[in-house]
Amino acid sequence: MSKQRIVVVGNGMVGHKFIDTLIKSSGDDAEIITFSEEKYLAYDRVQLTSYFDGKSAEDLAMTSEAYYQENGVSYVVNEKVTSLDTDNHQVTTANGRIEAYDKLVLATGSFPFVPPIPGNDQEHCHVYRTLDDLDAIELSSKQSKSGVVIGGGLLGLEAANALKNLDIETHVVEFAPRLMAVQLDAGGGELLKRKIEDLGVTVHTEKATTEIIEGETSRYRMNFADGSHIETDMIVFSAGIRPQDELARDTAIELGERGGIVINNHCQTNLPDVYAIGECALWDQKIYGLVAPGYQMAKVAASHIQADFPSSNETNDLEFTGADMSTKLKLLGVDVASIGEVHDRTPGAQSYTYSDEIEQVYKRLIISQDGQKIVGAVLVGDADAYGTLLQMMQNDMPLPENPSVLILPNVAQDESSALGVDALPDTAMICSCFDVTKGDIKQAVASGCTTMSALKETTNASTGCGGCSALAKQVLDSELSSLGVEVNNDICEHFAYSRQELSDIVRVNKIQTFDELLDSHGKGLGCTICKPAVGSILASYWNDYILEDEHIELQDTNDVYLGNMQKDGTYSVVPRIAGGEITPDRLIVLGEVAKKYNLYTKITGGQRVDLFGAQLNELPDIWKELIDAGFETGHAYGKSVRTVKSCVGSTWCRYGVGDSVGFAIDIENRYKGLRSPHKLKFAVSGCTRECAEAQSKDIGIIATDKGWNLYVCGNGGMRPRHADLFASDLDTETLVKYIDRVLMFYIRTADRLQRTSVWLENLEGGIEYLKQVVIEDKLGLAAELEQAIALNISKYQCEWKTTIENPQKLKRFKHFVNSEQTDQNLTFTTIREQRFPLSTSTSTTTKHDFGKEIDVVEV
Numbered sequence: 001m002s003k004q005r006i007v008v009v010g011n012g013m014v015g016h017k018f019i020d021t022l023i024k025s026s027g028d029d030a031e032i033i034t035f036s037e038e039k040y041l042a043y044d045r046v047q048l049t050s051y052f053d054g055k056s057a058e059d060l061a062m063t064s065e066a067y068y069q070e071n072g073v074s075y076v077v078n079e080k081v082t083s084l085d086t087d088n089h090q091v092t093t094a095n096g097r098i099e100a101y102d103k104l105v106l107a108t109g110s111f112p113f114v115p116p117i118p119g120n121d122q123e124h125c126h127v128y129r130t131l132d133d134l135d136a137i138e139l140s141s142k143q144s145k146s147g148v149v150i151g152g153g154l155l156g157l158e159a160a161n162a163l164k165n166l167d168i169e170t171h172v173v174e175f176a177p178r179l180m181a182v183q184l185d186a187g188g189g190e191l192l193k194r195k196i197e198d199l200g201v202t203v204h205t206e207k208a209t210t211e212i213i214e215g216e217t218s219r220y221r222m223n224f225a226d227g228s229h230i231e232t233d234m235i236v237f238s239a240g241i242r243p244q245d246e247l248a249r250d251t252a253i254e255l256g257e258r259g260g261i262v263i264n265n266h267c268q269t270n271l272p273d274v275y276a277i278g279e280c281a282l283w284d285q286k287i288y289g290l291v292a293p294g295y296q297m298a299k300v301a302a303s304h305i306q307a308d309f310p311s312s313n314e315t316n317d318l319e320f321t322g323a324d325m326s327t328k329l330k331l332l333g334v335d336v337a338s339i340g341e342v343h344d345r346t347p348g349a350q351s352y353t354y355s356d357e358i359e360q361v362y363k364r365l366i367i368s369q370d371g372q373k374i375v376g377a378v379l380v381g382d383a384d385a386y387g388t389l390l391q392m393m394q395n396d397m398p399l400p401e402n403p404s405v406l407i408l409p410n411v412a413q414d415e416s417s418a419l420g421v422d423a424l425p426d427t428a429m430i431c432s433c434f435d436v437t438k439g440d441i442k443q444a445v446a447s448g449c450t451t452m453s454a455l456k457e458t459t460n461a462s463t464g465c466g467g468c469s470a471l472a473k474q475v476l477d478s479e480l481s482s483l484g485v486e487v488n489n490d491i492c493e494h495f496a497y498s499r500q501e502l503s504d505i506v507r508v509n510k511i512q513t514f515d516e517l518l519d520s521h522g523k524g525l526g527c528t529i530c531k532p533a534v535g536s537i538l539a540s541y542w543n544d545y546i547l548e549d550e551h552i553e554l555q556d557t558n559d560v561y562l563g564n565m566q567k568d569g570t571y572s573v574v575p576r577i578a579g580g581e582i583t584p585d586r587l588i589v590l591g592e593v594a595k596k597y598n599l600y601t602k603i604t605g606g607q608r609v610d611l612f613g614a615q616l617n618e619l620p621d622i623w624k625e626l627i628d629a630g631f632e633t634g635h636a637y638g639k640s641v642r643t644v645k646s647c648v649g650s651t652w653c654r655y656g657v658g659d660s661v662g663f664a665i666d667i668e669n670r671y672k673g674l675r676s677p678h679k680l681k682f683a684v685s686g687c688t689r690e691c692a693e694a695q696s697k698d699i700g701i702i703a704t705d706k707g708w709n710l711y712v713c714g715n716g717g718m719r720p721r722h723a724d725l726f727a728s729d730l731d732t733e734t735l736v737k738y739i740d741r742v743l744m745f746y747i748r749t750a751d752r753l754q755r756t757s758v759w760l761e762n763l764e765g766g767i768e769y770l771k772q773v774v775i776e777d778k779l780g781l782a783a784e785l786e787q788a789i790a791l792n793i794s795k796y797q798c799e800w801k802t803t804i805e806n807p808q809k810l811k812r813f814k815h816f817v818n819s820e821q822t823d824q825n826l827t828f829t830t831i832r833e834q835r836f837p838l839s840t841s842t843s844t845t846t847k848h849d850f851g852k853e854i855d856v857v858e859v
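In the UniProt record's numbering, the protein residues as written are 1 to 859.
Worth flagging that the hints you see were computed from the coordinates, not collected in a lab.
Quick caveat: nothing in here was measured; it's all calculated off a predicted structure.
There may be inaccurate statements among the hints.
Taking lysine-lysine and the DSS-like style, the derived pairs with C-alpha atoms no more than 25 Å apart in a straight line are [said to hold, decoys possible]:
#1 Lys624 x Lys811
#2 Lys164 x Lys706
#3 Lys24 x Lys624
#4 Lys679 x Lys737
Here are the in silico distance ranges between beta carbons for each label pair [as the list claims (entries may be wrong)]:
#5 Glu319 x Leu408: 17 to 25 Å
#6 Gln787 x Ile767: 20 to 28 Å
#7 Glu693 x Lys811: 55 to 63 Å
Built from N, CA and C at the ideal position, the CB exists for glycine as well.
Given the sequences, and given the hints that come with them, work out the whole structure.
See below:
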């Protein structure tokens, strides 16, 4: 039987979810082609606002051309499907392209509703829907001092946050009497308004815009039906969505009275080979505007289609029967959550209300007439109870004798833990974005998951909108406990402590050596796990010379010889070139040393020059020449601060707004030699064009016209992670203070060999908790963390300078303890005019990737 040809019109989040579901379950039975009206493949619209925080289209991408190519998916971007021929099973694009289908999936989404206001089509009037829309908004903001968002719903407040982040005066205009009128009751909406206005955004409710005309003091004037007006330089419409159903209008596909493509429980339209999913689909007279219901539809449609595949074991049993529209999110930094029905439409329903005017927290719990079930809830300012309340409602769980404890402070958490997690059935949906149930988490734990990062990788739980992360962690911990699984954090058999606990012991007791720590808190002789870990801890706090007799046994090979051992047994020489800035004279010295010792040379991604191929006995001589020329060790061999990459900044670049080179040099010199649980890389960019790629570093700094933006805990490597924006528009003193605190808090609390990215993912409370510790000094540790860094800085030494000045230490750098003879067994080849270790291949020619032959000369 030939493959089923499936055409997917629309490559947004839901369209991609459908494709991804088929890829992972249908084998080779499907031939898929997808069309995207935008120039991008699917990206995360839920995180759209982060585009203004520095994330790129690539960061938001949910798929890639390579992924589709590897899985045989054909894709066409920047091309709109304009008509359907359902009789002949064909689609036609604006460019005249015709594609046939066996099954057609319409995932065209929705379009923003723009109220029919005279003047709504002017140059600086925008919608907030796509990356192109955001580019246009950003361009307008550069020519504007103020902006208005028309619409106070979820997306409208996201748009307001974007305008505020673009540093223009921001207003929100809402027709309803309160913000988020669909999700919040009067009390919640009023508090949300107050909190948002405290952040500097002006809110206008019960305002109907009648026209947009030329302004007197600003570009536009918005006149309202009540006779009032405001003036603004730009306008963003976010007044709701409408289903994108125009493709179906000229066909026999059934539409709803007010729009939307009518579907049944299998997401089929009235035509058997045509499906609709996401915001273009109308189920039971409802359009679902959240991503989770769209994902459910995608899964249902994929299951129904692949049930007919020859190799499939699928049945048609999976159905879409509606979706819960409860939601939890952070709007302009304010926690907001809505569960179930909150507008008093349930007969006999009762409610409990908690309102704290001082802390600005509002909570309302609505229960059934008999007091046994949750009907709905509103949480503003504190949404920690969201996960438990949602599960209790969805699973008809009984309430405690006094339901108010579920929303009272300091009580709710203890009560919710007892009531919620352990009592949840296996079918309870923990992560609606990826359909992860409690049973799925139990299975993941049974398969070996013991941490949140492992759970995310295995199940995808909490990797979508993130609203379920707290509940997922509770389920994980509860399941580990119930299975009797003990998560042993002991660093090794010699110490019954975790790396963090050993760190605290060393710091508090001012322990200076490994032997002292072993005698007081350990047993045995130590091993290759605990020795380097303790060596790193000691170096982080006291910064002694690592080749002192009491420390040398703790170091691995690279630290023992102050250089990275390469695969041929030689070593690398990597002098520090702070910020990538180097004088011509020093550059010449590097070249002369490389020629003298016949070293392979390479400029690294961290803006340094690596010299490879040095034999052990050559290292002291090489470093003496470099140190005499003013160089010092670059610590490329250590778990420590490596490099601070920089662009040329305001010194040379016409776009630069900050001296990225000068600051990169200052930062590198400040933290050079700082030992940590894993290597650390920094970068400083002189403007938001981000040429230094600061947002992929452990510490990233970007210049703004008001100071510096600080990003933390990004990295490349095997698990690339984009850094999180930590604080904006900082002066230099505050920025350095925050970096001091972040680094030392990481050093104190991270696990052995844990990168900052993984550390943050496992840190309870995540980035928000880290901000509380560093910025708000929640733990009262700020001064202590700064003092710890200052002590480390004060004891800095170039380890190679110390070594070459100590004849006893130089004895280590000999091939033979009783002879000056060197190792004569190394053999090299010459490629691209530099020497390489001899390949194991016997061929005398090698092929370049592009087919060019390169001569190889045996030395």
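Taking the hints in turn, this is what the structure says about them:
no. : hint                        : result
1   : Lys624 x Lys811             : holds (15 Å)
2   : Lys164 x Lys706             : holds (15 Å)
3   : Lys24 x Lys624              : violated (58 Å)
4   : Lys679 x Lys737             : holds (21 Å)
5   : Glu319 x Leu408: 17 to 25 Å : violated (39 Å)
6   : Gln787 x Ile767: 20 to 28 Å : holds (25 Å)
7   : Glu693 x Lys811: 55 to 63 Å : violated (42 Å)
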